[in-house]
Amino acid sequence: MTDTAAVGDALTAGMSRQELEEMVARMIEERDPRDPNLMTLIAWGGDLDRLWPTTILATTAAAGGMDVAIFFTFWGLFPLVKEEKRLTGDNWMTKGLAAMNRPSAQHAALSKLNMGGMGPSMMRSLAKKHGVAPPEELMEMAQDLDVKMWPCQMTMDLMGLKREDLIDGLDETAGAATALARMQKSAISLFI
Amino acid sequence: MTDTAAVGDALTAGMSRQELEEMVARMIEERDPRDPNLMTLIAWGGDLDRLWPTTILATTAAAGGMDVAIFFTFWGLFPLVKEEKRLTGDNWMTKGLAAMNRPSAQHAALSKLNMGGMGPSMMRSLAKKHGVAPPEELMEMAQDLDVKMWPCQMTMDLMGLKREDLIDGLDETAGAATALARMQKSAISLFI
Amino acid sequence: MTDTAAVGDALTAGMSRQELEEMVARMIEERDPRDPNLMTLIAWGGDLDRLWPTTILATTAAAGGMDVAIFFTFWGLFPLVKEEKRLTGDNWMTKGLAAMNRPSAQHAALSKLNMGGMGPSMMRSLAKKHGVAPPEELMEMAQDLDVKMWPCQMTMDLMGLKREDLIDGLDETAGAATALARMQKSAISLFI
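Just so you know, the sequences run in chain order A, B and C.
All residue numbers in the first sequence are consecutive under our numbering, ending with 201.
All residue numbers in the second sequence are consecutive under our numbering, ending with 201.
All residue numbers in the third sequence are consecutive under our numbering, ending with 201.
Just so you know, the hints here were simulated from the structure itself, not pulled from any lab data.
Any given hint could be a false lead.
Same chains, same label: a pair holds when it works inside one copy or across any pair of copies.
With a straight-line Cα cutoff of 20 angstroms, these simulated EDC-like cross-link-like pairs (lysine to aspartate or glutamate) come out [to be verified]:
hint, residue 1, residue 2
1, Lys121, Glu28
2, Lys104, Glu93
3, Lys104, Glu173
4, Lys194, Glu39
5, Lys194, Glu38
6, Lys194, Asp76
7, Lys194, Asp41
8, Lys194, Asp44
Full structure from sequences and hints, please.
This is the structure we're talking about:
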């Protein structure tokens, strides 16, 4: 990829220290455009037990100075829905989805041991007892820490979710290409 | 890891620009063998809701010029089975697996809200309405875009899947060591 | 991030080859603190079908000379519980969790086709037939290969798991910040 033979054979004797450092920095940049400060999470799962790792990793990293973006897609979109929206969707299928999978972070289910909502209640109660903030608070904290929150446009369409269904303060909707371009530069990329 | 003290103290005055650039390129390569152009996905999940992100990320990245490989393992192998194969396996256990988890991308279930196949039908119908290609088409597209598709030999044996059960055009079967060696060099590695 | 203009314009003619190499190594290190030899896994899932990839990837990488750490969190903690512990937890909620989700690697369920434990038995029997070690053996092998095994303190508290509930030979408990700092330097980071 790097064309090292480009410049020819001028002697380094002719380069200043500054020129030399600039050349090296450029070669490193070309070879690896990665920024050790970037983290990108794909929030695919919308259940409480995935929402917690997503928001805990995002807020911990951002509090430590990292530049974090979360790309919310598929089931991961539902926790972005406002709590007061009981029903989303624009046809019987997307309405059915929302009816069976109640939107909002406040009503996220567990991927196992959900027990009709008793599992999540227990988990929230245990979390409170141990001083672990609920995901909806961690999402607000993430926004305060400038974590970028990108809803995936394509799966929003698929799931019948509209921008006004979602909480305030989110960033522009994005697509897979945007998420990929960012992951290519990120030191940490996780699919959660 | 890099032994910077190796070469001694010949003056750079004696190096041409080209020699200098070659030295720097070699040091960067040694320090980080990573290629910003590589992406490796581990397709562990075989459900429709994981197959979509896998194939969308793979085709989008490949269309954008990245070199993409997918390592299909565990449940992720079943979508590689030919649609006409209703039953795979060579004993009552592996036959039972295939009977309860119908193979092929065309018959992939949803990890939640499957509702005996009604969920996936709804999702496919919504996808069609919004111009999102079904995973079996995205898999073909991936092959056209030279995405490497590696079935995991060990889990194929475990699940009783034979090479002739799988769709045409796949690459050689591979093992964990191959996937790891590639992820070590990849800018993006995701477990889906 | 790198301040290339720092040193001024002393001529490289004045640098020895060794000084030059040291400067380049320092610049690469600053730009990307990543070590191609590090892998960090987040073991979030405790089911047999996730435990296998986690332990197979960890032992294969470690056997190949990589420095591997696994951060066990959420459901991923339960396989760390000693087999003889049928029940963990310190109140009705955490006891209930353990009762419905029997701890230890030996009793890990499958995320699909569990069929009251028949699924995992079948998988273990198939694995034995094909010479694939069970996860509890792979975990021991990982320890022999110096894989770092970090239980997540916060989710241990949440799930009511105590240090003495867990198998011997684990490393210190850790938090999200420790996992993130390590992933930032890792060539491979996966959420499993």
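Hint check:
no.	hint	result
1	Lys121 / Glu28	neither (59 angstroms within a copy, 58 angstroms between copies)
2	Lys104 / Glu93	within (15 angstroms within a copy, 33 angstroms between copies)
3	Lys104 / Glu173	within (16 angstroms within a copy, 41 angstroms between copies)
4	Lys194 / Glu39	both (12 angstroms within a copy, 16 angstroms between copies)
5	Lys194 / Glu38	both (11 angstroms within a copy, 16 angstroms between copies)
6	Lys194 / Asp76	both (11 angstroms within a copy, 15 angstroms between copies)
7	Lys194 / Asp41	both (8 angstroms within a copy, 11 angstroms between copies)
8	Lys194 / Asp44	both (6 angstroms within a copy, 11 angstroms between copies)
Violation of the numbered hints given earlier is confined to hint 1; every other hint is satisfied by the structure.
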